[in-house]
Amino acid sequence: MKGVGAPGSLVRLLLLLLPAAAAAADYVGGAVCKTCHPDIWQNFYKNAHYKSVAAGDLPPERTGCESCHGPGKAHVEARGGKATIRAFSLMEPQQVLDACLACHVRDIPRSNIRRSSHTQSDVVCASCHSIHKSPAPKYLLAKKQTELCYGCHAGVRAQFAMPSKHRVNEGFMACTDCHNPHGTASPSWRMGLRPRLADTALANEQACLKCHTDKRGPFVFEHPSVRVDGCESCHSPHGSMNPRLLKRPAVFTVCLECHNGAGTFGRQGDGVKMQSSTHNMADPRYRNCTTCHARIHGSNVDSLFLR
Amino acid sequence: MKGRMFSHAAVVLIGLAGVCLAQTTVAPSPEPVGRSRGEDYRNYNFVHSFETGYRFRSVGGNLGKYRSDVNFGNGVRLLASSLAVNSKEGQGRLFDQFTLNTQGLGEDPYQMASLRLEKNKLYRYDMLWRVSDYYNPALAISGGQRLADTRRRVQDHDVTLLPQSSLRLFAGFSRNTQDGPALATTQLFDSRGDEFPLFSDVRRTQNEYRVGLEARVLGMKFAAFRGWEKFTEDTPLRLDSASAGNNSDDQTTLASFRRTEPYQGSTPHWRLHLFTENHDWLAVNARFTYSGGRRDFAFDENGAGTDRFGRARSRQILVAGNARRPVTNGAVTFSVFPSRGLVLTNHTAFHHVRVEGDNTYQEINNLTSGFRFFQFRYLGVRSFVNQSDANWRARKWLGLYGGYHYSKRRIRSIEQFSEQPSDATAASQDNRIHSGLAGIRFQPNKPLSISLDAEVGRADRPFFPISERNFHALGARAQYKSRSLTLAASTRASYNTNSVSLFAHSSRARAHAADASWAPKAWFSFDAGYSKLHLDTLSGIAYFASGRQVLGDESLYVSNIHSGNLGVRLGIRNRADLYLGYSRVQETGDGRARLDAPPTGSRTGSASTLFRFAQTLPLEFESPQGRFSVRIRNKLRWNLGYQHYRYREDSLALQDYRAHTGYTSVVWSF
Numbered sequence: 001m002k003g004v005g006a007p008g009s010l011v012r013l014l015l016l017l018l019p020a021a022a023a024a025a026d027y028v029g030g031a032v033c034k035t036c037h038p039d040i041w042q043n044f045y046k047n048a049h050y051k052s053v054a055a056g057d058l059p060p061e062r063t064g065c066e067s068c069h070g071p072g073k074a075h076v077e078a079r080g081g082k083a084t085i086r087a088f089s090l091m092e093p094q095q096v097l098d099a100c101l102a103c104h105v106r107d108i109p110r111s112n113i114r115r116s117s118h119t120q121s122d123v124v125c126a127s128c129h130s131i132h133k134s135p136a137p138k139y140l141l142a143k144k145q146t147e148l149c150y151g152c153h154a155g156v157r158a159q160f161a162m163p164s165k166h167r168v169n170e171g172f173m174a175c176t177d178c179h180n181p182h183g184t185a186s187p188s189w190r191m192g193l194r195p196r197l198a199d200t201a202l203a204n205e206q207a208c209l210k211c212h213t214d215k216r217g218p219f220v221f222e223h224p225s226v227r228v229d230g231c232e233s234c235h236s237p238h239g240s241m242n243p244r245l246l247k248r249p250a251v252f253t254v255c256l257e258c259h260n261g262a263g264t265f266g267r268q269g270d271g272v273k274m275q276s277s278t279h280n281m282a283d284p285r286y287r288n289c290t291t292c293h294a295r296i297h298g299s300n301v302d303s304l305f306l307r
Numbered sequence: 308m309k310g311r312m313f314s315h316a317a318v319v320l321i322g323l324a325g326v327c328l329a330q331t332t333v334a335p336s337p338e339p340v341g342r343s344r345g346e347d348y349r350n351y352n353f354v355h356s357f358e359t360g361y362r363f364r365s366v367g368g369n370l371g372k373y374r375s376d377v378n379f380g381n382g383v384r385l386l387a388s389s390l391a392v393n394s395k396e397g398q399g400r401l402f403d404q405f406t407l408n409t410q411g412l413g414e415d416p417y418q419m420a421s422l423r424l425e426k427n428k429l430y431r432y433d434m435l436w437r438v439s440d441y442y443n444p445a446l447a448i449s450g451g452q453r454l455a456d457t458r459r460r461v462q463d464h465d466v467t468l469l470p471q472s473s474l475r476l477f478a479g480f481s482r483n484t485q486d487g488p489a490l491a492t493t494q495l496f497d498s499r500g501d502e503f504p505l506f507s508d509v510r511r512t513q514n515e516y517r518v519g520l521e522a523r524v525l526g527m528k529f530a531a532f533r534g535w536e537k538f539t540e541d542t543p544l545r546l547d548s549a550s551a552g553n554n555s556d557d558q559t560t561l562a563s564f565r566r567t568e569p570y571q572g573s574t575p576h577w578r579l580h581l582f583t584e585n586h587d588w589l590a591v592n593a594r595f596t597y598s599g600g601r602r603d604f605a606f607d608e609n610g611a612g613t614d615r616f617g618r619a620r621s622r623q624i625l626v627a628g629n630a631r632r633p634v635t636n637g638a639v640t641f642s643v644f645p646s647r648g649l650v651l652t653n654h655t656a657f658h659h660v661r662v663e664g665d666n667t668y669q670e671i672n673n674l675t676s677g678f679r680f681f682q683f684r685y686l687g688v689r690s691f692v693n694q695s696d697a698n699w700r701a702r703k704w705l706g707l708y709g710g711y712h713y714s715k716r717r718i719r720s721i722e723q724f725s726e727q728p729s730d731a732t733a734a735s736q737d738n739r740i741h742s743g744l745a746g747i748r749f750q751p752n753k754p755l756s757i758s759l760d761a762e763v764g765r766a767d768r769p770f771f772p773i774s775e776r777n778f779h780a781l782g783a784r785a786q787y788k789s790r791s792l793t794l795a796a797s798t799r800a801s802y803n804t805n806s807v808s809l810f811a812h813s814s815r816a817r818a819h820a821a822d823a824s825w826a827p828k829a830w831f832s833f834d835a836g837y838s839k840l841h842l843d844t845l846s847g848i849a850y851f852a853s854g855r856q857v858l859g860d861e862s863l864y865v866s867n868i869h870s871g872n873l874g875v876r877l878g879i880r881n882r883a884d885l886y887l888g889y890s891r892v893q894e895t896g897d898g899r900a901r902l903d904a905p906p907t908g909s910r911t912g913s914a915s916t917l918f919r920f921a922q923t924l925p926l927e928f929e930s931p932q933g934r935f936s937v938r939i940r941n942k943l944r945w946n947l948g949y950q951h952y953r954y955r956e957d958s959l960a961l962q963d964y965r966a967h968t969g970y971t972s973v974v975w976s977f
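Chains as they are written, first to last, in the numbering used here: chain A, 1 to 307; chain B, 308 to 977.
Simulated from the structure, these hints should not be mistaken for laboratory data. Take every hint as true, because none was put in to throw you off.
Computed far set for chain A versus chain B, every beta-carbon distance over 12 Å: (1) ASP26; (2) THR35; (3) PRO60; (4) GLU61; (5) GLU77.
Calculated pairs, DSS-like style, for lysine-lysine (alpha carbon to alpha carbon, straight line, at most 27 Å): (6) B:LYS703 - A:LYS82; (7) A:LYS138 - A:LYS34; (8) B:LYS426 - B:LYS395; (9) B:LYS395 - A:LYS51; (10) B:LYS828 - A:LYS133; (11) A:LYS143 - B:LYS942; (12) A:LYS143 - A:LYS133; (13) A:LYS82 - B:LYS828; (14) A:LYS51 - A:LYS73.
A short, non-exhaustive set of chain A residues, derived as facing chain B with CB atoms under 7 Å: (15) TYR50; (16) ALA54; (17) ASP122; (18) ASP214; (19) ASN260.
From the three backbone atoms N, C-alpha and C, an ideal C-beta is built for every residue, glycine too.
Based on the provided sequences and hints, a complete structural model is requested.
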């Protein structure tokens with residue numbers, strides 16, 4: 001962004017007003033743009049940005065083509081050319097972001113965009129949105145949402161190709177069901193570490209609970225791993241080669257890697273409780289932990305999640 | 308294994324000589340019909356298409372596993388439809404935009420409909436309706452006894468009034484239901500008793516109502532939302548006939564069993580936002596949320612049979628109580644723009660979660676006649692997060708960012724098994740994480756961009772043995788993007804060690820990926836991608852086996868996943884389209900399965916050996932597909948598609964399957 005830095009409120013006001021007055025004459029209006037860009041104009045009434053034209057009462061810098069591309073007078077006089085107008089294809093990522101936020105800054109879901117990991121990686125508005133040629137029915141996306149995200153997150157594409165996965169490729173879900181690509185506040189789980197643009201359910205819960213309502217609780221006996229470090233303690237949310245999106249092929253290995261009684265871990269700082277001596281791990285019967293600990297996500301009745 | 312995968316992939320590559328958006332399902336067809344500009348009628352423009360056809364499937368092998376992974380069936384479907392109506396001047400009488408899209412209607416396992424209706428300046432209505440069939444085929448987990456055949460229906464409705472004004476009003480409703488038959492398990496009559504499968508009829512409903520407003524005042528945006536979530540679950544469990552349990556050498560039997568456990572409550576919540584970015588040098592974003600959360604429950608379980616000593620047993624358990632979870636969350640972010648290209652942000656957040664609940668547990672049984680006690684559990688997590696980041700565009704071709712993140716968390720817990728507070732066991736602990744991030748981005752020329760990033764962090768007292776303690780991550784990505792060609796490669800490695808006295812855990816994760824997308828002509832495009840995901844973890848574990856305690860054993864998990872996809876799209880004389888795609892994902896493990904496989908049914912072998920056998924699951928999952936679409940008339944297309952799925956595990960063949968799926972359809976508009 002720009003630093004104005006002019007001392008004194010009067011000087012500051014003049015500096016703001018004078019260029020604005022000069023700029024108003026530089027706006028030519030969308031009807032002029034149509035002369036050379038009929039292909040864009042012809043379909044523009046279907047564009048969400050057409051609202052600014054239809055409104056009919058917005059100032060020239062907030063309506064139609066020039067609200068994004070800036071005043072067109074110089075462009076018209078030069079008979080075209082990208083150098084004479086604000087051409088997004090030539091703009092630096094930060095400039096693209098500033099241009100779009102001039103209007104869209106007022107949208108709360110985008111309020112964290114300045115610090116989002118996408119912005120830090122130069123993935124800004126025009127990286128995902130195509131204002132004039134969007135094939136998507138909503139949000140002016142440049143491609144189908146999954147293809148947009150997979151374009152950079154190839155590892156995630158691989159995860160959704162695994163046998164056990166959330167149904168994103170099948171069209172039941174979208175990446176934005178769980179993530180806000182415009183940035184989020186730090187999550188309330190895992191100490192805010194590596195938020196991965198994860199969205200929240202009901203204001204402050206993990207996105208998983210948007211759909212998995214039965215896991216929400218509250219329960220008298222919560223499995224602390226769920227509340228403290230989140231569902232990812234045991235599950236790979238995108239996809240897994242293992243059943244139930246688990247991080248290990250067999251459930252008992254998931255459990256035993258925490259429940260070993262070692263160290264200063266756990267709720268009471270004396271290790272996560274080791275299983276009882278009645279559990280003979282040499283007997284296959286005891287390797288199916290959730291057969292007995294059936295309410296592993298939380299129970300109202302039993303502290304060992306047996307019922 | 309790896310060689311075989313690549314020889315297969317090479318054959319397919321050569322055979323296809325080309326591309327496309329692999330991994331998506333073969334239907335619906337993306338090829339359009341009719342005029343892309345649509346048809347005008349009065350003051351509106353209409354663009355629409357409907358694809359209807361017949362899906363078929365033929366499955367050999369484990370049908371349950373197929374239903375768990377894929378689940379497409381036979382039948383007539385409205386595979387997809389879209390209808391867009393736009394007013395031509397943005398001054399429609401009742402609406403200016405109407406957009407309706409559907410997918411899979413008519414009993415596809417994944418169905419969706421989305422609707423937007425909007426009148427400029429006046430209102431906007433969004434609806435999203437979705438259905439997903441969930442089939443859990445009683446896989447190896449839980450001894451293969453947990454089965455579910457449920458359907459989840461989700462719908463969201465949101466209305467915005469005055470969407471373009473400085474005062475916007477919101478109202479919304481969401482509903483999420485899950486129902487269907489399932490098998491669950493229970494264990495009784497004592498801690499060593501047998502396990503029994505039970506029939507359950509899943510019935511869960513969540514409704515959420517919300518209202519809100521956004522107002523722009525004095526250059527600031529203020530938003531307030533209020534919501535109420537209501538959840539009800541009443542899933543009864545029962546035994547339809549006498550059962551001898553799962554383990555033949557256990558004498559526990561169950562003659563009758565019934566359990567009812569109504570569970571319901573609400574989570575009222577508030578969300579407040581304050582946001583401004585009207586100045587050239589500062590943006591402020593503040594957020595406060597609060598959610599209540601309370602559930603009341605009653606539990607009644609009645610079982611009769613014999614225990615593991617052969618004695619007649621009858622037991623009834625009655626429990627009632629409630630649980631509460633208020634969550635308070637506040638965050639404020641300052642973004643400062645001291646110069647062009649430099650953005651400094653500081654994000655501070657506070658979270659407080661308090662989970663507490665109590666119940667009265669009463670048991671009546673024929674041996675001890677019964678007992679009653681009170682249980683209380685409290686878990687409080689309070690955390691403070693501060694994240695400072697700087698993002699600087701130093702040159703047109705060079706960008707840098709860095710950050711320092713700090714978190715402090717206090718976890719308190721109280722456990723109490725009587726109504727006397729003096730019996731409570733309380734504990735408290737503090738955890739801290741410091742982490743630093745840095746990244747650099749180059750754009751040596753317009754189509755090429757390269758980015759490198761790194762993160763290093765230290766936690767002083769992780770909560771779990773597998774949590775991050777001493778961790779670092781390195782990543783790199785390069786992308787070449789021109790009008791018709793995109794090439795990208797990325798790599799990321801994450802390492803963590805979490806070692807304390809007498810215990811050690813380490814993990815290494817590496818992901819490498821390469822992608823290519825080439826569309827030199829409107830009638831030809833090619834996409835291909837390859838990823839390798841590696842993970843190995845080594846954790847200290849302890850357990851009991853054959854009457855002795857085993858300490859200091861290790862759990863070594865190694866996963867090597869190769870994933871590839873490719874697709875080719877070919878347009879033929881502007882009339883027909885051919886799409887061929889292939890995706891394959893293969894877990895090669897590390898080869899231990901065959902070496903260490905235990906004797907079938909062994910109960911006396913080394914548990915350590917059993918761990919090693921269980922911690923690798925080499926398998927392949929592949930799916931070639933092809934689709935042919937031909938334009939019969941300007942507004943009519945005919946499609947034919949086929950998709951094959953093959954799932955094969957190296958260790959056991961019980962869950963393997965091959966599925967032939969396909970469809971034929973017409974896409975039309977009028």
